[in-house]
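Number of protein chains: 4
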Amino acid sequence: MKGKHKIFNDPVYGFISIPYGPVFDLIEHPAFQRLRRIRQLGLTHYVYPGALHTRFHHALGAVHLMSEALDVLKSKGVDITDAETEAAIIAILLHDIGHGPFSHALEHRLVKVHHEDLTTAIMQQLNEEFGGKLSLAIQIFEDKYEKLFLHQLVSGQLDMDRLDYLSRDSFFTGVHEGVVGYDRIIKMLDVRDNKLVVEEKGLYSIEKFLIARRLMYWQAYLHKTVLGAEFMLIHAIERARKLTEEGVQLPLSPFLDYFLSQNIDADYLEANKHDVLEHFIMLDDFDVISALKNFTIHPDVVLSTLSKGIIYRKLFKVEQDDKPFPTEYKQKILDKIKEKYHLCDEEAASFVITTAETNTAYNKDKDEIQVLYKNGEVRPVSAWLEQNFDKSKVTRYFLCYPKDLDKE
Amino acid sequence: MKGKHKIFNDPVYGFISIPYGPVFDLIEHPAFQRLRRIRQLGLTHYVYPGALHTRFHHALGAVHLMSEALDVLKSKGVDITDAETEAAIIAILLHDIGHGPFSHALEHRLVKVHHEDLTTAIMQQLNEEFGGKLSLAIQIFEDKYEKLFLHQLVSGQLDMDRLDYLSRDSFFTGVHEGVVGYDRIIKMLDVRDNKLVVEEKGLYSIEKFLIARRLMYWQAYLHKTVLGAEFMLIHAIERARKLTEEGVQLPLSPFLDYFLSQNIDADYLEANKHDVLEHFIMLDDFDVISALKNFTIHPDVVLSTLSKGIIYRKLFKVEQDDKPFPTEYKQKILDKIKEKYHLCDEEAASFVITTAETNTAYNKDKDEIQVLYKNGEVRPVSAWLEQNFDKSKVTRYFLCYPKDLDKE
Amino acid sequence: MKGKHKIFNDPVYGFISIPYGPVFDLIEHPAFQRLRRIRQLGLTHYVYPGALHTRFHHALGAVHLMSEALDVLKSKGVDITDAETEAAIIAILLHDIGHGPFSHALEHRLVKVHHEDLTTAIMQQLNEEFGGKLSLAIQIFEDKYEKLFLHQLVSGQLDMDRLDYLSRDSFFTGVHEGVVGYDRIIKMLDVRDNKLVVEEKGLYSIEKFLIARRLMYWQAYLHKTVLGAEFMLIHAIERARKLTEEGVQLPLSPFLDYFLSQNIDADYLEANKHDVLEHFIMLDDFDVISALKNFTIHPDVVLSTLSKGIIYRKLFKVEQDDKPFPTEYKQKILDKIKEKYHLCDEEAASFVITTAETNTAYNKDKDEIQVLYKNGEVRPVSAWLEQNFDKSKVTRYFLCYPKDLDKE
Amino acid sequence: MKGKHKIFNDPVYGFISIPYGPVFDLIEHPAFQRLRRIRQLGLTHYVYPGALHTRFHHALGAVHLMSEALDVLKSKGVDITDAETEAAIIAILLHDIGHGPFSHALEHRLVKVHHEDLTTAIMQQLNEEFGGKLSLAIQIFEDKYEKLFLHQLVSGQLDMDRLDYLSRDSFFTGVHEGVVGYDRIIKMLDVRDNKLVVEEKGLYSIEKFLIARRLMYWQAYLHKTVLGAEFMLIHAIERARKLTEEGVQLPLSPFLDYFLSQNIDADYLEANKHDVLEHFIMLDDFDVISALKNFTIHPDVVLSTLSKGIIYRKLFKVEQDDKPFPTEYKQKILDKIKEKYHLCDEEAASFVITTAETNTAYNKDKDEIQVLYKNGEVRPVSAWLEQNFDKSKVTRYFLCYPKDLDKE
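Protein chains in written order, with numbering that gives the first Met the number 0: chain A, 0 to 407; chain B, 0 to 407; chain C, 0 to 407; chain D, 0 to 407.
Here chain A stands alone, though its shape is the one from the complex (with noise of 0.2 Å):
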């Protein structure tokens, strides 16, 4: 876009450039600069360190590729105006913004509802503030817009948003193995009926990010050691709220109280959208790390334990198989930990997690990526990938509990 344009520095992209006005402006709102205090990928700095960054900075990233890509499209004569250019950067800035502190592990637990509902919610509460100037962004983000492929940049299976978080996420982890050729796959981008197609050129390109994306699962998004860590801060956050609920004074921030006090779903936002809003956008990171911190000296034993263990890094152990855990063996855990912890059943739960976790390279069923062949023709990549390229959808089991068990 012309005009004034404020330049931050990205270690991954050299330059990030927002043009002045309410894009500029809504990035120094509240709501999201408090998206400089939650991170990325919550706990998975336990096993990477470098993996710090945080969603503030993958929102302007992920405006970045917008950017690029809508410049490519219109140098290939897409017809995207101003208007719309400025709503798909606002849609892109803000579709992260329902997400609460460690969504990955405390989506629905700290808030039930839906991040993709809050986000909607919040958008809705800025409209009202910049006199509805986001209006054409939130039809964009809700997949109401005559141009589809707007939408598509901004969520579908080769939208801006994965280019940035894998492209992001590859490079402060230092994995290099989802490193995905972002500049080439938006050079290779068109529309065609309304729809975004990728360029014949640029096959290889999304094989490569398919295969780096599935990669990227394994290695980071589901390693069991971050998996471990995310289970155990369930635990806690659980039984801080259960003892919470029983009139236990816990050292909680007023932020994390409110939502842990209450039971906050779908209807009490309904009920309650301006008092809800106004608390989540002061919860983030800070509030969760700094209440198991206090927890660490709480006299509950499920919650110190769960609590030290993530704050000094004495982490359970984490077993993986590809098939369910046989219920045998969970018990026989379960007896350990209430013989050596002196807990009652339900207590020892707290200490014994189970899980399954699914990872798809690529799923055909929803809204194909699309390829333009050199002699005009659109046909989904699946029909290239067929021979290619393996889809199987697989399964992990995942079993967690304290390390010095095992050694009895």
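Where hints are given, some of them may not hold.
The list treats identical chains as one, so a pair stands whether inside a single copy or across any two.
Straight-line distance between alpha carbons at most 20 Å, and here's what the computed SDA-like set of lysine to any residue pairs gives [what the hints assert, rightly or not]:
no., residue 1, residue 2
1, Lys313, Tyr267
2, Lys73, Gly2
3, Lys331, Arg312
4, Lys75, Glu85
5, Lys392, Tyr220
6, Lys392, Glu27
It is worth saying that the hints were derived from the structure and are not from the lab.
Chain A is fixed; fit chains B, C and D onto it per the hints.
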């Protein structure tokens, strides 16, 4: 070192290899894990959003460079034993362990002890826990060991600390002016007369290192917006201490409360070492930022104004000059503040901050960088820089106050 | 290795350290210096203009990786003597010394001997010059040495040759799809039962390495425009040989003339080793390209058309298909060429080129990559890849002919 | 520019986008394709083996930066038409087209015309071929166009030529001291009074650019080993010209022969423009290196000694000093050469080479870099550098002669 190693991913160097044994065990210790919660550059991420890296990662990075440097020296025939290798690595690993949160701003304000003295105190306590395995490391750290070059690698004009922090800070800020050729410099190191020297071939790399360091000071460490945010932080914490001393109950973590409600100086530390250190190793960025968040809704106007300014990133205006600001000018600003915020003199003083910062490119009065010429001579680098380098010391003055004042 | 080192700058790895002594002396030898004049990727720079790197630089790079790999193995307790270290480094340094210019295209056409046999012949001759210092290196190169893993590092499914050429080729072409995590792979190497294994933790890096290799084949090594240029080169050289055999005097360097005016095959090499090698180590890209330049003004239409096509980069059209092209189609093109260029059948045949190229991602029939699991088991990587990886062999067919024909 | 683009991979910038139309057609022209056969840094790869990049790639890189710079200026409201955009891109594309092979060493020796005059001559000839489409580009190149800043972008103290060659040369040599923040500098460009200015925020980037340029001179362009190799090349070519003039038949390509057997100066060019240019656009590194290879077996001792020295990389010794070498010292060396090689005075002179090279960090006597301050003022950068920067001019003297002499 031989034997099994733990590998950490690092976006800066690729991989960092840590030998299992005492070095690894120290990393696992809560006192060291705490450095995961202390950012290397405090509030600098308000200007460079990528600058979120921690003292934890910096310490590992410095260990990496130390290992490389020791390998280079050994390959050139310098006699370094396995015990000395381990000790030098431990010394650099722990060299910053005495830093508290935001220590560029808050050193001597939270704990009224120099960070190096805290480092020594913690190292001694760890030495007890580790049954004396840190004794040689402490000797090296305190420059009491006969092989002087080992201390110089930990702390000198060309130490592994500087090489890592310049590399790391320029990497994460994206300020490429600060990039140094750490690998080339390290490859050029040697020892003569028990002291570190740089081979003549590395002269341009040294020159570039000195320039990069100077530019990093102006562009990052002394960036006026960063200084402004830090000034506000200092005044917020001082205000909180004052209120605490006056008996006002503030929403502080127990760890921060310990340091704000008492005057903990060198004497106090000496008398209560165990107790102070136990609290100190739980004190980090999370206590400070969480406190500021809680302060945003506190009735004290000075405290809440400064805290909201930091948390919402509504920073004060910062003026910068190469001579001190006139007293009358400062008085005029103070008057406006009193009027606008309805404050008394003392309170208003929290909103006007002046300071001076000095940047010296190279200080030839300190232990000089020595150059080993091809003919075998050793001469200080200043002799060579004389004609090529500006060694002058530059002082800049800063004045910081609420932004909306000057619009009146 | 201990002792003084020569340092080479390398854009790929930063610095490459070469020990003074036999390794350095071999690099200084004209037979090795000649590799400065042979590009690693022949005419690939016609598609990727950065791909100008030479076999000289590749050989140094492979030495660098070999040194790192040997260090890793030693640190894990694998017994490798100083003599073996030097020999393995010499073996990898010289592994490609038998390559002639544009050897992807011209191998068996300039010299009718396999490049590995030429490598052995040159290594033997150098061994004489160097008083037997290469004997162990030759044993390793020929897989006659008892520590089998040393040969595997030189030539195997995961050797330092492949790791360097994939890294280097993707770096200089800018095809990021080919980037491999060479450093992580090397850190995961170990030895069991005298053979190379990769630790389980490196599985994803191996998977990515195999994918990257496959993508590099399609995007660089078998890029149809590159193949087209090489086909033209082959036919130009064959034409020149034919004319030479017919007694036509061509403007050739004495070195190229030696190989075009005689039929130098394995028997001839055996009988005239010294003379052949003396000419061979003066034969490089400069002889070939200079000849083509001179041919552009030669009266033979076939020779000058092909040569101008290459030199002016007016390349033939290349069609690509997954089944062979029908004979009639090829005949139709031949007819058009005869008509347009007034050529006889035999001459026209120089302008139509067909070929098939096969890309196999991973060949489990060769000496397999072995994986060392945490429980101590060693299993071939194919067992793990089974479910995740497409191992199929893909063949593509190419047809190449003058561009302006199909416009008629 | 709008419309279809050709994308080139570039290791330095990722991708370079070239608009189809005249710019692309010029790239396809044999006169430009020839730049693929001329290395940017001549024999520098003898010291930095990666420095094999060509003038072809540099020209494309400069086009890339020019496009970025024009986009930045337009986004700041500077009026630049589509025709001017194309012309500026053509001007930078062709700015070096008049360079011959090894032009740092051989300019004025092969063709006795300044390379800028050859550039103009070729541009004019291309303009005829392209029906006048280069007229505006020529005006800009010759600084005859009213929008002065366009010429400054092509040729000035901060032009796209310098930004690209410093970036590219430091990238391929691996001399990180030469890295410049080209992206930041370009983002800071603006225009005032029809001339280029840099925003105040870019001052440190400019300072770093000047320092990087100075360091690249000492570490690469004026590296004594590179200079030594180039001196030998100069003397070999001069010897070849002399022998040719004396009627000795040398094994030269017809293109090199054309320039060595005649005295082609500005007058000759003027009188035989078409003929000279036809030969010139076929003259490249391959003619020179192939000739040297052929000379290695020539009976003339001076010619074969110099040629073998270059081809086998047995380079002469180079001494370097900050004052001229005394005449007696040079005479002593000459005497030794005469004795050792049995040469006459004149022949021996080919083996002793003296020269002086000057490096000026920043020349404030030329058209100065202008800085745009926040208050709107424009001042030359030297006013700011005054206190921070060493502007002195440094001259070094070189003496080059056969290596084995001084051992006697």
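Outcome of the hint check:
With identical chains, the CA atoms of Lys313 and Tyr267 are never at most 20 Å apart, being 37 Å at best within one copy and 31 Å at best between copies. Taking the closest pair of Cα atoms, Lys73 and Gly2 come within 20 Å of each other both inside a single copy (18 Å) and across two copies (9 Å). In this homomeric assembly, Lys331 and Arg312 never come within 20 Å of each other (Cα to Cα): the closest approach is 25 Å inside a single copy and 52 Å across copies. Proximity of Lys75 to Glu85 under the C-alpha cut-off of 20 Å is found in both arrangements, the shortest distances being 19 Å within a copy and 18 Å between copies.
With identical chains, the CA atoms of Lys392 and Tyr220 are at most 20 Å apart within one copy only, with a shortest distance of 16 Å there and 32 Å across copies. Within a single copy, Lys392 and Glu27 get their C-alpha atoms no closer than 41 Å, and across copies no closer than 36 Å, so neither meets the 20 Å cut-off.
Of the numbered hints stated above, those contradicted by the structure are hints 1, 3 and 6, listed in ascending order.
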